[in-house]
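Protein chains: 2
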Amino acid sequence: MELKDLIGQTSEWLKATGPDSDIVISSRIRLARNIGGLKFVDWANNKVRQEIAKKAKEAILSSNYMKNSIYVEMDKINPIDRQFLIERHLISRDHAVDTESKTVFIGDREIISIMVNEEDHLRLQVIQPGFVLDDAWSIMESLEKDLEKRLGFAFSDEWGYLTACPTNTGTGLRASVMMHLPAIVFTRQIDNLTDAVSKLGLTVRGFFGEGTQAIGNFYQISNQVTLGHTEIEIIDNLKRVIIQVVSQERGSREFLKAKKKKIVEDKISRAYSTLGGAHIITSKETLELLSLVRLGIDLKLIKNIDTHKLNELLIFTQPAHLQKLEAKALSPSDRDIKRAELINKKLGIKG
Amino acid sequence: MELKDLIGQTSEWLKATGPDSDIVISSRIRLARNIGGLKFVDWANNKVRQEIAKKAKEAILSSNYMKNSIYVEMDKINPIDRQFLIERHLISRDHAVDTESKTVFIGDREIISIMVNEEDHLRLQVIQPGFVLDDAWSIMESLEKDLEKRLGFAFSDEWGYLTACPTNTGTGLRASVMMHLPAIVFTRQIDNLTDAVSKLGLTVRGFFGEGTQAIGNFYQISNQVTLGHTEIEIIDNLKRVIIQVVSQERGSREFLKAKKKKIVEDKISRAYSTLGGAHIITSKETLELLSLVRLGIDLKLIKNIDTHKLNELLIFTQPAHLQKLEAKALSPSDRDIKRAELINKKLGIKG
Chain A
1 MELKDLIGQT
11 SEWLKATGPD
21 SDIVISSRIR
31 LARNIGGLKF
41 VDWANNKVRQ
51 EIAKKAKEAI
61 LSSNYMKNSI
71 YVEMDKINPI
81 DRQFLIERHL
91 ISRDHAVDTE
101 SKTVFIGDRE
111 IISIMVNEED
121 HLRLQVIQPG
131 FVLDDAWSIM
141 ESLEKDLEKR
151 LGFAFSDEWG
161 YLTACPTNTG
171 TGLRASVMMH
181 LPAIVFTRQI
191 DNLTDAVSKL
201 GLTVRGFFGE
211 GTQAIGNFYQ
221 ISNQVTLGHT
231 EIEIIDNLKR
241 VIIQVVSQER
251 GSREFLKAKK
261 KKIVEDKISR
271 AYSTLGGAHI
281 ITSKETLELL
291 SLVRLGIDLK
301 LIKNIDTHKL
311 NELLIFTQPA
321 HLQKLEAKAL
331 SPSDRDIKRA
341 ELINKKLGIK
351 G
Chain B
1001 MELKDLIGQT
1011 SEWLKATGPD
1021 SDIVISSRIR
1031 LARNIGGLKF
1041 VDWANNKVRQ
1051 EIAKKAKEAI
1061 LSSNYMKNSI
1071 YVEMDKINPI
1081 DRQFLIERHL
1091 ISRDHAVDTE
1101 SKTVFIGDRE
1111 IISIMVNEED
1121 HLRLQVIQPG
1131 FVLDDAWSIM
1141 ESLEKDLEKR
1151 LGFAFSDEWG
1161 YLTACPTNTG
1171 TGLRASVMMH
1181 LPAIVFTRQI
1191 DNLTDAVSKL
1201 GLTVRGFFGE
1211 GTQAIGNFYQ
1221 ISNQVTLGHT
1231 EIEIIDNLKR
1241 VIIQVVSQER
1251 GSREFLKAKK
1261 KKIVEDKISR
1271 AYSTLGGAHI
1281 ITSKETLELL
1291 SLVRLGIDLK
1301 LIKNIDTHKL
1311 NELLIFTQPA
1321 HLQKLEAKAL
1331 SPSDRDIKRA
1341 ELINKKLGIK
1351 G
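Keeping their order, the protein sequence lines are chains A and B.
Mapping to our numbering: the first sequence position 57 is 57, numbers consecutive.
Mapping to our numbering: the second sequence position 344 is 1344, numbers consecutive.
Extracted from the complex, chain A is given alone in its bound form:
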C-alpha cells in the first residue's frame, strides 16, 4: 500500500465500532521517544537528523508491527498530501512544516503511525475507534518494546524517558479520547465541564488537536502530566474522567429527549435538510451540521445514514481530502461547492 491508496479507505478510528462509540469517537495513545546518544531534533544538525531518520527507518520497517507500513518522506510530498495526513490525524501540524529529514510511517488500517524528527526523534501513535484506551495502550506497549530493543531510547533513572520538551518527560505518554458532546453543549454545561476537567490535570482541545478550537461539539480530552505517575495510572485517571463525561452526555441526551424533544428534532432535521440542500458549504458549517446529524442518528431520529458513514464525512469533507478526491488543487470557493456536492451524494439527499 502507498500514500495515494489511503484516500480509498476509511481510517480504522472512524469506523464507529468499539464501546461507547456513540460518544467516544476514538482513543489515542502517543509516546515520545528519543534514540540514546543522539541530540534532540532541535539541537541536531541536518546530518544528525538524517542519521536519526535512517536508524528509525531500519528499526521500524523491520518491526513485525510495521512491516508493511507506508513510508513517507515529508519533503517529497506536496502540500495537499501533507494537509491530507493532518486531516487523517496521522501527523501533527508541526510535522508538515520545515519538512527536511522528517518522515512518517503508517501501519495497517492507520491504527499505528510513527513520526520521525518531529519534536522528538520518534512520536509513536496508536488510534482506534471507541472507548478503548487499554487496547490502544496494549498495542503501544508491544510496539514500543519492539522498537526499544532495536533503537535504545534515552532514559534516566531519575527522570524516566527523556524528551525535547520537559512537559513530555517521564512516561512521554499522552492518552486522549475524541468525544462528541452535543447534549452537554446544548444544555450549556460545557464550560463547567472543561473547567472541571482542567482541574483534574487534563486538557480539552478541538477536533484537530493542539491549538484548535472546539467545533461541531467535538472535544479531545487528554492528560497533561506525564511525569511522576506510571502509564497505567495516567490512563486510569483519564478513563475515570471519561466514564463520567460519557455518563453526563448520556444523561443530557435523555434529558433532551424527554424535555426538549421538539426543539432538538427541529435542529437536527434542519441540519440534515440544509446539508442536503446546500450548494455551497464551508468546512466549519459542515462540521457543525454533521454534529447535529450524528446526534440525530444516536437519538434514532435519522435512520438512513449510520455513524461510520457520518464519521467518514467529517474527514472526507476537509480541504485536502476534497482535493485528493478531485485529483486537483481547488480554490477555497471551489472546495465549498465540491464539498456540498459530496455531502449531497453521500447523504443520498438532493436539495
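None of these hints come from the bench; they were simulated from the model.
Remember, it's a predicted structure, so these values are computed and weren't measured experimentally.
Just so you know, even glycine gets a beta-carbon here, dropped at the ideal spot from N, CA and C.
Heads up, some of the hints might be wrong.
Said to hold, decoys possible - Straight-line alpha carbon distances no greater than 27 Å define the calculated DSS-like cross-link-like pairs of lysine-lysine that follow: (1) A/Lys261 - B/Lys1346; (2) A/Lys303 - B/Lys1338; (3) A/Lys260 - B/Lys1338; (4) A/Lys284 - B/Lys1259; (5) B/Lys1346 - A/Lys260.
Claimed, not checked - If you want a taste of the chain A side facing chain B, the calculated C-beta under 7 Å gives, among others: (6) Asp266; (7) Arg270; (8) Ser273; (9) Gly276; (10) Ala278; (11) His279; (12) Ile280.
Starting from the known structure of chain A, arrange chain B on it as the hints suggest.
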C-alpha cells in the same frame, strides 16, 4: 357563502394570474367615501354610527356587485376571525379594534370588500392578482357609481370627496401594488429604490400594509397624494413607476442568474430544504424562506410547486389562518409547530 367558508378558498388576489405576476402579486384600489348629511365616524355617536351601518347594509346588499356578499358585524366575531380578515387583507388593523357598529362586506372571490365605520363611513376595496390597476379601477368605478346612487356621498365642488382625514380628501383614492423584489434587495438597490419612489409622491410599506415592516422582500407601493389630480392621473403615475420597478427587478434577476448563479442557487435550495426540514418555524422566518422559494420558482430552479400554491402558503401560515385550520386557539409555540407541519405537507417534502 359565510365567513367560516373563506378558510376553504384562496383569495383571488393570491392566484398568481394576470400580467407580471412573477413580480406583482396584486393590484389594489381603495376609495374612501362618506354618506352625505351624516357626521364622520369619529364625531358620530353610536346611534349615528348604527344609522350609517344600516344605510350601508341596505345599499350594499342591494347592489348587483355585492348581492351574495358575506356580511360580517365586527363585534359579533371572535378575535381569531378578526385577525383572519386582516391576514386576508380584507380589513385594516383599525377595523379589528373598537368594533361597535363596524361591519364588513366581502364579495365574490374576495375581489371586493367594503368596510363600514372604519375611519370613513365606507372604505371600498378592489384587489386582484397581477399588475392590473386599470381592471381594478374599472370594477371600482362601477361599484362606486352604483353605491353613490343609493347613498349620495359627501362631495364639495372645491375639495372633491370629503373624508375624515385630509390626506384622503379629493379622490379618496389609494391605488397600490404588492410587489416581490428579492433581486433588488439581494443586489442592495432597495434603499435607493424606496428613496426614489418616495420622492415621486409614493409610499412604500410592508406585506401587511400601513405600519408594517417589509419582510420576505414583499413591498407595497401606493400613492400618497389624493387631491389635485384625477383618479386616472393618480393611477397612471403609479403605473409608470411600477413599470420601472418591474423592469429593475427583472434586470436584477437576470444579473443574479448570469453573475451570482451558484450563490443564488445555494440560498434558494437551502431555503426550500429548511422549509421541508423544520419542525418549528416562526411566521417571520416562513415569509423570508418562502420569498426565496418564490424566486426559485421564477428562476425555474424549483419546479414541484407553483406560484399560486406558494402565495397561498404566505397567508395560510399566518397565525389566525393556522388556528382556523386547526379549528382551535393555539399558543405561539404551538403555532410554530403546526406551521412547520403545514409547510412540510404543502411543499410535499418531509425532513
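Given the hinted pair A/Lys284 and B/Lys1259, is their alpha-carbon gap at most 27 Å? It holds: about 26 Å lies between the C-alpha atoms, which stays within 27 Å.
Straight-line alpha-carbon gap A/Lys303 to B/Lys1338, limit 27 Å: holds (24 Å)
Would you mind confirming whether the straight-line C-alpha gap from A/Lys260 to B/Lys1338 stays at or under 27 Å? Given pair A/Lys260, B/Lys1338 holds - Cα atoms ~17 Å apart, limit 27 Å.
Do the numbers back the hint for A/Ile280, that is, is its least Cβ distance to chain B under 7 Å? At about 4 Å, which falls below the 7 Å cut-off, the nearest Cβ of chain B leaves the hint on A/Ile280 intact, so it holds.
Could you check if A/Ala278 really has its C-beta closer than 7 Å to a C-beta on chain B? This hint holds: A/Ala278 lies near chain B, its Cβ roughly 6 Å from the closest one there, short of 7 Å.
Hint check: 7 Å Cβ-Cβ cutoff, A/Asp266 to chain B: holds (4 Å)
Let's test the interface hint: is any C-beta of chain B closer than 7 Å to that of A/Arg270? holds (5 Å)
A closest beta-carbon separation below 7 Å is what the hint needs, so does A/His279 meet it against chain B? holds (4 Å)
Under the criterion that the straight-line Cα-Cα distance not exceed 27 Å, is the pair A/Lys261, B/Lys1346 satisfied? holds (24 Å)
Tell me if A/Gly276 is really an interface residue toward chain B, meaning its C-beta lies closer than 7 Å to one of theirs. holds (6 Å)
With a cut-off of 7 Å, does the beta carbon of A/Ser273 approach a beta carbon of chain B closely enough for the hint to hold? holds (3 Å)
What's the verdict on B/Lys1346 and A/Lys260, does the C-alpha distance respect the 27 Å limit or exceed it? holds (26 Å)
The structure agrees with every numbered hint stated previously.
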